[in-house]
Amino acid sequence: MTGAAAWLLSDSPGSRGQARLGGLYRRWRLFAGNRLAMAGLAIVVALVLVAALAPVLAPYSPTAQDLGQRLLPPGPAHWLGTDELGRDILSRIVHGSRITLYIVSLVAVIVAPLGLLVGTVAGYYGGWIDAALMRVTDVFLAFPKLILALALVAALGPGLENVIVAIAVTAWPPYARVARAETITVRGADFIAAARMLGASRMRVVATHIAPLCASSVVVRLTLDMAGIILTAAGLGFLGLGAQPPLAEWGAMVAAGRQFLVDQWWVATVPGIAIFAVSLGFNLVGDGLRDALDPKADRGTAPRGGA
Amino acid sequence: MTGRSMTGRSMTPVPPARPPVAPLLAVEDLHVRFPGPGGAVEAVRGVSFTLKREKLGIVGESGSGKSTLGRAILRLVPPPGEVRAKRLELLGTELSDLSEEEMREFRGRHVSMILQDPGFSLNPVMTVGAQIAEAWQTHTGHSWKKSRRRVLAMLQAVRIRDPERVFDAYAHELSGGMSQRAMIAMMLITEPDLLIADEPTSALDVTVQTQVLAILDELVSRRGMGLIFISHDLGLVASFCDRVLVMYGGRIIESCPAAELDNATHPYTRGLLAAQPTLERAGGRLPVMERDPAWLAEADTGPGR
Amino acid sequence: MTGAAMIEVRDLTVTFGPRGKPTPAVEGVSFQVGAGEAFGLVGESGSGKTTVLRALAGLIPAWRGRIAIAGQDRNTRNVNGLARTLQMVFQDPYGSLHPRHTVDWALMEPLAIHGFDGTARRVARALSDVGLGPAFRFRYPHQLSGGQRQRVAIARALILEPRILLLDEPTSALDVSVQAEILNLLSDLKRARGLTYVLVSHDLAVVAHVCERLAVVTEGRIVEEMTAAQLRAGEARHPYTRQLLESRRGYSRPATASAGTGAD
Chain A
1 MTGAAAWLLS
11 DSPGSRGQAR
21 LGGLYRRWRL
31 FAGNRLAMAG
41 LAIVVALVLV
51 AALAPVLAPY
61 SPTAQDLGQR
71 LLPPGPAHWL
81 GTDELGRDIL
91 SRIVHGSRIT
101 LYIVSLVAVI
111 VAPLGLLVGT
121 VAGYYGGWID
131 AALMRVTDVF
141 LAFPKLILAL
151 ALVAALGPGL
161 ENVIVAIAVT
171 AWPPYARVAR
181 AETITVRGAD
191 FIAAARMLGA
201 SRMRVVATHI
211 APLCASSVVV
221 RLTLDMAGII
231 LTAAGLGFLG
241 LGAQPPLAEW
251 GAMVAAGRQF
261 LVDQWWVATV
271 PGIAIFAVSL
281 GFNLVGDGLR
291 DALDPKADRG
301 TAPRGGA
Chain B
1001 MTGRSMTGRS
1011 MTPVPPARPP
1021 VAPLLAVEDL
1031 HVRFPGPGGA
1041 VEAVRGVSFT
1051 LKREKLGIVG
1061 ESGSGKSTLG
1071 RAILRLVPPP
1081 GEVRAKRLEL
1091 LGTELSDLSE
1101 EEMREFRGRH
1111 VSMILQDPGF
1121 SLNPVMTVGA
1131 QIAEAWQTHT
1141 GHSWKKSRRR
1151 VLAMLQAVRI
1161 RDPERVFDAY
1171 AHELSGGMSQ
1181 RAMIAMMLIT
1191 EPDLLIADEP
1201 TSALDVTVQT
1211 QVLAILDELV
1221 SRRGMGLIFI
1231 SHDLGLVASF
1241 CDRVLVMYGG
1251 RIIESCPAAE
1261 LDNATHPYTR
1271 GLLAAQPTLE
1281 RAGGRLPVME
1291 RDPAWLAEAD
1301 TGPGR
Chain C
2001 MTGAAMIEVR
2011 DLTVTFGPRG
2021 KPTPAVEGVS
2031 FQVGAGEAFG
2041 LVGESGSGKT
2051 TVLRALAGLI
2061 PAWRGRIAIA
2071 GQDRNTRNVN
2081 GLARTLQMVF
2091 QDPYGSLHPR
2101 HTVDWALMEP
2111 LAIHGFDGTA
2121 RRVARALSDV
2131 GLGPAFRFRY
2141 PHQLSGGQRQ
2151 RVAIARALIL
2161 EPRILLLDEP
2171 TSALDVSVQA
2181 EILNLLSDLK
2191 RARGLTYVLV
2201 SHDLAVVAHV
2211 CERLAVVTEG
2221 RIVEEMTAAQ
2231 LRAGEARHPY
2241 TRQLLESRRG
2251 YSRPATASAG
2261 TGAD
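Protein chains in written order, with my numbering: chain A, 1 to 307; chain B, 1001 to 1305; chain C, 2001 to 2264.
It is possible that part of the hints are untrue.
Straight-line distance between alpha carbons at most 20 Å, and here's what the computed SDA-like set of lysine to any residue pairs gives [what the hints assert, rightly or not]:
hint, chain 1, residue 1, chain 2, residue 2
1, B, Lys-1146, B, Phe-1167
2, C, Lys-2190, B, Lys-1146
3, C, Lys-2190, B, Pro-1257
4, C, Lys-2190, C, Gly-2034
5, B, Lys-1052, B, Pro-1035
6, B, Lys-1052, B, Pro-1287
Calculated from the structure, these hints are not laboratory results.
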């Protein structure tokens, strides 16, 4: 074991920072021990890198049309072929990764805190607050997600930002449910009673004692849902309600390529594969996180012996 | 207290109903290791003892290896735990030689185990009677009707007052003491030769505890069953068992007749006895045990007697 | 009893269950505890002893009767107001510490809530007072043994310098040798700080060891109240108390069992 690892795994950390880093490192070791999760992480990291370096990586402009070069099969000039307007598909995929990343990260930033807040407050306060919040949640859950998102985008008008709003509005209720269920299991714990007796207000208990315990299941659920979010965005894009042309959005690319599926299969298939790969990556990361963030995993290293 | 336990066992260590036989159970140099990321943990480190048709108490604190030992005898140590022994012989059969299938058969017929928490040991979606009947049927192949009669008799034997009601009840409908007794009935219906009881009474109230112990006591003296009674409660073991093994750090560090536990010689046993608050001694400080690392290195005292 | 009453409980009744058919958990319990005194509640599981303690702690929303703490009536709402007067140590050392909070956080938080100064110094002292060195300060609960967790729980309960400590079976989940250490720690702290204890336990010997006075609780009622000296002298009168005392002597073969089976 190297010096740094020993320092991180020390059983008597010398500072708050060391304790926190040690906790993170322990979880990372659990995560890194899972090969599939690491494969998923590699895909997600690749997506981020491709999005960051899009202008450098893309051989052509994603919007440059060349009608003389339309519907070319994959070849040395265009590795993944060209579409019906002669645009390089590889360049469009590379630039499209930015849009995908933009959608999933914005949705995550809205959905996770919102679901966590609603769920923990409902679960901890109980009574009429719980009843009111959960009925609102039920109303959202009662509609099929895609239909509700469709209706919202139709009302707000097509466009990327509206897609994000629509997905976020339809995606938070399950998170509230997860957080509420988790809250109810810890609500009666002695450490919550102790915190109350020490003078912690209810809001403080929710924020510093309950939310950290529910956060891990929300994060896991979020990574598992990423695939669904990408697919919903792609679905809306496919229906022409998402990113508007000439933006290179993967779902819209599949939609456009569908009419050439028989003769020019690559136009629709390549963006389809991209959607599939990224969804798979997030799913694998989610599975790995579920194991690594499991609070029960903390108990493995308890020292033995007396006081 | 000493007077009673003397009359309880001194005359007839082997009941007259059965001819005196070789030890019921002989364990020699038993080791249990759990491989882990930070190296293997050896929970039991070279334990040897023999058991006749008697009540043998095994006491120790958490982490002493007493529960693991109980499971190792039944070959119930969960993977990745590894059990190794020079000899692990029950009724003249070397258990290490049996296949998994044969062991299951052997376990059901000759050995049973009672665990601490009855709530987790009974199946929640099956009536108590059906569970006990199932245990009986798998070993005898008797009809349902015959089994029912037999189960009701068994429930009566563990002093359940209305066996008919308990037969048709689910585990959650019974009190703790009641389900622990139902559990005992299930474990005993196959008339095992050896019963391993891991803290069978520590979740029970004192009144129920006495009843459960009386049932176990009777089974040993009447049927000539061997009993291994695993507990952290020195006083209880001293008054209930015939012989006591004290475990520390995966080894047996002391072995003595239960009635003489008060005169134990090992500093650990003495420390445990002294650390217990008593009604006789008023207030003041309790002696705190200084654990000597040498205790872990000491050679096993060998088969107790 | 020494000094003025620190805790006064009169006719405490707690009922649980559905509104239609409430079942009483505690019925008409009354007792007083003087300042600096240790008072024990002995009984078996389900006797209602822990319910009495939780009512004192303000952790039960509805009860009837009167509870006065340090001369101040406790109503069902002022949980926070008494934080600096009364604290509690729970039974299960594995459930009373937040699994994601370090020892440091557990001790700092109450100080922050109540605006104490010199927090780092107070935390270090609280740890050394319960026999834990500075090496324990930044550990998570999973890095502590059961006894060490219970010491942290005691340190947390004492960090606001309360006058009363409620102890709910503080040693029943611990090994005998660790129990001895914790009981010694509790007597040292009581002597050094003049604390008032209410100790709930199923173990007569533990209660007699720590407390000067005790009450025996069964089926939600106090059946007998006496001093520990009286208990030691064998002056218990109530049959239930005598039964508890009898069970302490360990197992004795019931006469009926041997007679009925004809064993021996």
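- Quick one: which hint numbers does this structure break? Sort them smallest to largest. Numbers 2, 3, 5 and 6, in rising order.
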